[in-house]
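Chains as they are written, first to last, in the numbering used here: chain A, 139 to 472; chain B, 145 to 421.
If you're looking for bench data, these hints aren't it; they were derived computationally from the structure.
Quick caveat: nothing in here was measured; it's all calculated off a predicted structure.
A hint or two may mislead.
[Said to hold, decoys possible] Distance condition first, Cα-Cα at most 27 Å in a straight line; then the derived DSS-like pairs of lysine-lysine: (1) 376/A with 268/A; (2) 322/A with 341/A; (3) 148/A with 248/B; (4) 268/A with 409/B; (5) 261/B with 251/B; (6) 341/A with 463/A.
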Amino acid sequence: MGRIQLKQVKKSFGECTVIPPLDLAIEDGEFTVFVGPSGCGKSTLLRLIAGLEDTTSGMIEIDGTNATLLPPAKRGLAMVFQSYALYPHMSVRKNIAFPMKMAGVNEAEQTKRIYAAAKALNLTDYLDRKPGQLSGGQRQRVAIGRAIVREPTAFLFDEPLSNLDAALRVGMRLEISELHKRLKTTMIYVTHDQVEAMTMADKIVVLQAGGIEQVGSPLELYKTPRNRFVAGFIGSPKMNFIEGAEAAQHNAFAIGIRPEHIDVSITHGQWQATVGVAEHLGSDTFLHVHGVPGCDPMTVRGGGDIAVNHGDTVWLTPDPQHIHKFDAEGLRIK
Amino acid sequence: MARSVSTRSKVLNTAVAGTLGFLMVFPILWILILSLKTEEDAIRAPLEVLFNSGWTFDSYGAVQARSDYFKHFFNSVIISVGSTFLGLMIAIPAAWAMAFVPGKRTKDVLMWMLSTKMLPPVGVLVPIYLIFRDTGLLDSRLGLTLVLMLINMPIIIWMLYTYFREIPGEILEAARMDGASLRSEILYVLTPMAVPGIASTVLLNIILAWNEAFWTLNLTAAKAAPLTAFIASYSSPEGLFYAKLSAASIMAIAPILILGWFSQKQLVRGLTFGAVK
Ligand SMILES: Nc1ncnc2c1ncn2[C@@H]1O[C@H](COP(=O)(O)OP(=O)(O)OP(=O)(O)O)[C@@H](O)[C@H]1O
Ligand SMILES: [Mg+2]
Numbered sequence: 139m140g141r142i143q144l145k146q147v148k149k150s151f152g153e154c155t156v157i158p159p160l161d162l163a164i165e166d167g168e169f170t171v172f173v174g175p176s177g178c179g180k181s182t183l184l185r186l187i188a189g190l191e192d193t194t195s196g197m198i199e200i201d202g203t204n205a206t207l208l209p210p211a212k213r214g215l216a217m218v219f220q221s222y223a224l225y226p227h228m229s230v231r232k233n234i235a236f237p238m239k240m241a242g243v244n245e246a247e248q249t250k251r252i253y254a255a256a257k258a259l260n261l262t263d264y265l266d267r268k269p270g271q272l273s274g275g276q277r278q279r280v281a282i283g284r285a286i287v288r289e290p291t292a293f294l295f296d297e298p299l300s301n302l303d304a305a306l307r308v309g310m311r312l313e314i315s316e317l318h319k320r321l322k323t324t325m326i327y328v329t330h331d332q333v334e335a336m337t338m339a340d341k342i343v344v345l346q347a348g349g350i351e352q353v354g355s356p357l358e359l360y361k362t363p364r365n366r367f368v369a370g371f372i373g374s375p376k377m378n379f380i381e382g383a384e385a386a387q388h389n390a391f392a393i394g395i396r397p398e399h400i401d402v403s404i405t406h407g408q409w410q411a412t413v414g415v416a417e418h419l420g421s422d423t424f425l426h427v428h429g430v431p432g433c434d435p436m437t438v439r440g441g442g443d444i445a446v447n448h449g450d451t452v453w454l455t456p457d458p459q460h461i462h463k464f465d466a467e468g469l470r471i472k
Numbered sequence: 145m146a147r148s149v150s151t152r153s154k155v156l157n158t159a160v161a162g163t164l165g166f167l168m169v170f171p172i173l174w175i176l177i178l179s180l181k182t183e184e185d186a187i188r189a190p191l192e193v194l195f196n197s198g199w200t201f202d203s204y205g206a207v208q209a210r211s212d213y214f215k216h217f218f219n220s221v222i223i224s225v226g227s228t229f230l231g232l233m234i235a236i237p238a239a240w241a242m243a244f245v246p247g248k249r250t251k252d253v254l255m256w257m258l259s260t261k262m263l264p265p266v267g268v269l270v271p272i273y274l275i276f277r278d279t280g281l282l283d284s285r286l287g288l289t290l291v292l293m294l295i296n297m298p299i300i301i302w303m304l305y306t307y308f309r310e311i312p313g314e315i316l317e318a319a320r321m322d323g324a325s326l327r328s329e330i331l332y333v334l335t336p337m338a339v340p341g342i343a344s345t346v347l348l349n350i351i352l353a354w355n356e357a358f359w360t361l362n363l364t365a366a367k368a369a370p371l372t373a374f375i376a377s378y379s380s381p382e383g384l385f386y387a388k389l390s391a392a393s394i395m396a397i398a399p400i401l402i403l404g405w406f407s408q409k410q411l412v413r414g415l416t417f418g419a420v421k
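Next up, chain A with everything else stripped away, as it sits in the complex:
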């Protein structure tokens, strides 16, 4: 079990309120991702759940029991830190064993679980090394191993992959997703990378300035963002926003169109534009174009074989099915 519920949870550091009163329910077995720009309070929220910070007011329930005042050790949660936070004076084996030692698990069971974790995480050959003798990816695996052996009610991850290089990050992302499929344990994962959020999450919580902007499945957020902030944050490259006359035609203050929902042609279309930069990725081409009224520059995605370059003229046509409309407050118009 691992159902976590936040009720009117608020956090202030002195005068400064980082998390205004907030409600959130995380269901058992769910992979929830907190995503938002830097400084929006993702880590603080996670640390509140972990018990590493005290709530200013409000209540945190874990599996129906009030955990607001419980110390971290009593909440049954495991955390993986961005800096790995391995014990530098202990071998990998001892690091992984530490939570079991604290929980009083017997030696035989400890050994069994250490080997199972090491096998699953490809650490068998490194059990006797110290953390200082491991690569970043291996350290991260040890941190995950340390978290799984104690069989927690939920895992908390705070940007666990941000210290890894791009290739390793993709690999570890898959490993964590697989781990979740296998263990079916609740996971809360903090990231500012919306690709990680989209690919891993069952449920995404978009945060800004400590408040929740929207909660939903990745596709819900992609298809029906509640406001301009979510619309701009989810999806890569970012959604284009057009204000002014073009938007007024749709009875909106602003309209938003994703780069992938604009058709590119070199002969005809709705808007004429000039290519500023063309990024040829092979599979796709991203064009940053100028000249569309109310939106400069606009980003569009074309096929991999569009032969246009800087200075060329292109014609763009938005897909009317995928135009998002927003009012002056930035809220979505149905």
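Here the structure of chain A is known, so what remains is to put chain B with the ligands in place on it, guided by the hints.
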């Protein structure tokens, strides 16, 4: 790129450093030389002392015969080691609290503790002397241990505080998440990581306590007198006896010099107050 150093500046640096080093050890070297002379030779002109006189261990024998070296030696050991370890037992929790759960006034408390070191000790001699007299602590090893512990406490706490601050808080948080109680956290995670820092703190404080002369001279007579008092007893009553005074000094500083020699690495860390890793 490694910085290139010209041969000339290398020679110059070596010469300057060598000269400074020699100037620093010279007094100790000179004491060593004098301690190996007879009293008559010891008061002659320096060059004569060096080149025109014989060598002898007589002064050491005379010193040991007149006053019991080992009694003073053991007093010094008990007082310096005792005050340091007693101090640690108070300082580790104190430094832990200040490093990991600092409050609004933590910085002020630290400054206040340091400020006690700015007061000339003689300023509190009379009250402390009277307290010691009335509680029967005068000339007792327990009394001296307590005083030296209090005198060095600010330094112990400051040193441990700077070491503890180098330990990333996330590691302690990880321990908490892993189910460690406060006791386990300090025992299995914090202390092992802080061992180098604690070791250099211990060493430096033993040395400071060993060499402390103001309180040891003023609060002891015969029973609890450590080696500092042992040296001092050669400096006056029957006139100056350079050779014996020197021999006594060498005997007093030898143990601590040897200890320092074998723990140089730790000490350098200690003296830089945790500034370098
Ligand atoms: N101990 C603290 N004292 C005062 N302010 C704090 C403290 N910890 C965090 N804050 C503030 O709270 C806000 C949220 O911080 P938090 O670390 O939760 O952000 P984040 O969303 O995790 O950002 P990032 O993506 O950069 O990690 C920041 O403005 C930060 O300055
Ligand atoms: Mg953060």
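Hint check results:
1. Of the pairs offered as hints, the one joining residue 376/A and residue 268/A is violated, with about 42 Å between alpha carbons and a cut-off of 27 Å exceeded.
2. Straight-line distance between C-alpha atoms of residue 322/A and residue 341/A comes to about 14 Å, which keeps the hinted pair within the 27 Å bound.
3. Only pairs whose Cα atoms come within 27 Å are accepted, and residue 148/A paired with residue 248/B is accepted, the gap being roughly 22 Å.
4. Between residue 268/A and residue 409/B, the direct Cα distance comes to roughly 23 Å. Compliance with the 27 Å bound is thereby established for this hinted pair.
5. Straight-line distance between C-alpha atoms of residue 261/B and residue 251/B comes to about 16 Å, which keeps the hinted pair within the 27 Å bound.
6. Proposed proximity of residue 341/A and residue 463/A is supported: the alpha carbons are some 24 Å apart, at most 27 Å.
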